[in-house]
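Colleague: Take the sequences, apply the hints, and build the full model.
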Amino acid sequence: MENALLIGLSRQMVLSRQLDVVANNIANLNTTGYKADNSMFEQFLMPVARENRFNVPDRQLNFVNDRGTWHNFQPGALQQTGNPLDIAIKGDGFLVVQTPDGERYTRNGALQVNAQGQLVTMDGSPVMGGSGPIVLQETDRDISISPDGSVTVVEGADTQTESQRGRIRLVTFDAPQQLQKEAGTLFSAPDGVTPTPDTQSQVMQGVTEKSNVNGVVEMTRLIEISRAYQQVATLLQQQSDLHKNAIHDLANVPS
Amino acid sequence: MRALNTAATGMMAQELNVQVIANNIANMRTTGYKRQRAEFQDMLYEHVRRIGTQTTDQGNILPVGVDLGSGVKTVGTPRIMTQGTLTQTGGDLDVAIRGEGFFKILMPDGTFAYTRDGSFQMDAQGRIVTAQGNLVQPGITIPQNSSSLTINSQGQVSVVVSGSTTPTILGQLTLTRFINKAGLLPIGDNLFTETPASGAPQDGVPNTNGMGDLQQGNLEQANVEAVTEISDLIAAQRAYEMNSKVISATDQMLQSVVGLYR
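Protein sequence lines correspond, in order, to chains A and L.
For the first sequence, the working numbering assigns the number 1 to the initial residue and increments by one for each residue that follows.
For the second sequence, the working numbering assigns the number 1001 to the initial residue and increments by one for each residue that follows.
Watch out, some of these pointers could steer you wrong.
To be verified - To give a feel for the contact side, a few chain L residues facing chain A, derived at Cβ under 7 Å:
1) ALA1007
2) GLY1076
3) ILE1230
4) VAL1258
Claimed, not checked - Quick list of in silico lysine-lysine cross-link-like pairs, BS3-like style, CA-CA up to 30 Å:
5) L:LYS1104 - A:LYS244
6) A:LYS210 - L:LYS1104
7) L:LYS1181 - A:LYS210
8) L:LYS1245 - A:LYS90
9) L:LYS1073 - L:LYS1181
10) A:LYS90 - A:LYS244
11) L:LYS1181 - A:LYS90
12) L:LYS1181 - L:LYS1245
Hints were generated in silico from the structure; no laboratory data involved.
Even for Gly, the Cβ is constructed at its ideal location relative to N, Cα and C.
Modeller: Written as structure tokens, this is what we have:
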């Protein structure tokens, strides 16, 4: 096979993966707490493939490879919902969620209360406080969550006594890029990455953090990808035409 | 290509979003209606190159991996149980709740349902019923020859029987609250039923334990805000369009592949 075809193929493979990333971003345009992904490419030098048919110094062939996807941790737009159980985090912090697979981290602060009174995510996984899940009592009302994450309620009969139900735990990471995305707007920390308590971030009540996907950027990226893909396809087309002509012309032996 | 399916999940999610918004707007003037919101989450990721894998014998590890997501899923349409505004109607049997509680309603099949809609009526026997004719619990019968029906903020129902000057207390309306109001199951007609998610119902007298007090002559409006719904609708529609563009872009790319072979 011709090298040009292989190089074109490597580009097309990478473009179709990048399209997958862009499609996933656009699909999550309205997902609370979603963080966009971006693709990274690298030049890939094939150790054995060389272009040395002509008598010039060796020219190495450059293939393209997608090295990784990185998470864009920019804060998303805040949407006011007025729901006392919606929280957004101002800063780099993450909420800690207890799932069956262990602790996970999320920026999605659309919370609910389950039948046991625990503060849970939409999936029903408890949100962790300083010491275990935050549990509300049956007679609690007027839930207020202060910027430091303390959950305070008005309790009991006609009294105005406030009591604290716990404090939402916020954590940060030195290298958040090492976090791995999981389904359900959750992030998991691979081995060796440990969270540190976050003292900088603040909790805002009654707002949710929208997806940080920028529609305009993703659409331009989409155009870019589909045009580049077509361009490569045309290149491959011309290359194969070249072959066809060569075979046709060279085989045309005059009698 | 995976992008086709990913974009399809995006379109389905936005379609559902528009459905939820449409239902909110349709119920803008429904007494005691609580707005819903569609909540989405991302779906499974394929870790093509896993973060943290070793790349060289010297122990270098990958700082970032290739994660390909597969779209979006709807995780729920929770109800936002905030207080709606009260409007004055002047009706004797119009009662609004200012607080957390629900009215308890006896359904024809003997089960209980719960509602925030306090636009009650009187049936032929003088009992307090909902607009569908279901009994409000606990049953209170208003005598025929009575006037000036009063429901105080504690839920006490009293009337003045003709020939008497002092009001007679007929009974006490109770309210019910749930630890997780958003976990109630809507069954239409402004009614909700208990579910394992809502927790067990707790009955109580209005104005105690955070039940909220009653306001006679008022009705609770829906908590739908037109501006929020319309801006959500615009966002949902545009997101739908963008997802459809992804599908057509993928289609074009596939076409150019097909065109390779002549």
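Colleague: Quick one: which hint numbers does this structure break? Sort them smallest to largest.
Modeller: As far as the earlier hints go, 3, 4, 5, 6, 8, 10, 12 are violated by this structure, in ascending order.
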